[in-house]
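Trainee: Sequence:
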Amino acid sequence: MADVFNQTKSQEKGKFIFLSAEPSILPIPSLVKYYNMKMEAEAYLEQSCPQLDIIVFRPGLVTDFEKRPLTVPIGFLADFASNVASSGLMPFHS
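Letter 49 of the sequence shown, counting from 1, is numbered 162 in our numbering, and no numbers are missing.
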């Protein structure tokens, strides 16, 4: 779709929302490949589609009770850790 719009002669820039990914905490080859492919797609959009204003979303973990039930407890833990970290209760130092 980005290529098709990019080839139009429109004077206005198009809007394009891309759902990307954050790297997985698990070094599973298929997850690493998935992330790398998302990064390649982002780079392509940024470099090769000047007719588009690109918005990239990088969710950390997508959970679903029905389709991805194993992700739900991990998602709760990730949300809890994020809330604790942002609350200042447990400051993390680099």
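Each hint should be verified, as a subset may be incorrect.
Unchecked claim - List of simulated lysine-lysine pairs, DSSO-like, C-alpha gap at most 27 Å:
#1 LYS128 with LYS151
#2 LYS126 with LYS146
#3 LYS126 with LYS151
#4 LYS180 with LYS146
To be verified - For each label pair, taking beta carbons as the anchor points, the in silico distance ranges come out as:
#5 VAL117 with SER200: 38 to 48 Å
#6 SER123 with ASP192: 35 to 45 Å
#7 SER200 with LEU174: 35 to 45 Å
#8 PRO182 with ILE130: 25 to 35 Å
The hints are simulated quantities; they were obtained by calculation from the structure and are not laboratory data.
Just so you know, even glycine gets a beta-carbon here, dropped at the ideal spot from N, CA and C.
Trainee: Now tell me if each hint is right for this structure.
Mentor: Comparing the hints with the structure gives:
no., hint, result
1, LYS128 with LYS151, "holds (19 Å)"
2, LYS126 with LYS146, "violated (31 Å)"
3, LYS126 with LYS151, "holds (23 Å)"
4, LYS180 with LYS146, "holds (21 Å)"
5, VAL117 with SER200: 38 to 48 Å, "holds (45 Å)"
6, SER123 with ASP192: 35 to 45 Å, "holds (41 Å)"
7, SER200 with LEU174: 35 to 45 Å, "violated (20 Å)"
8, PRO182 with ILE130: 25 to 35 Å, "holds (27 Å)"
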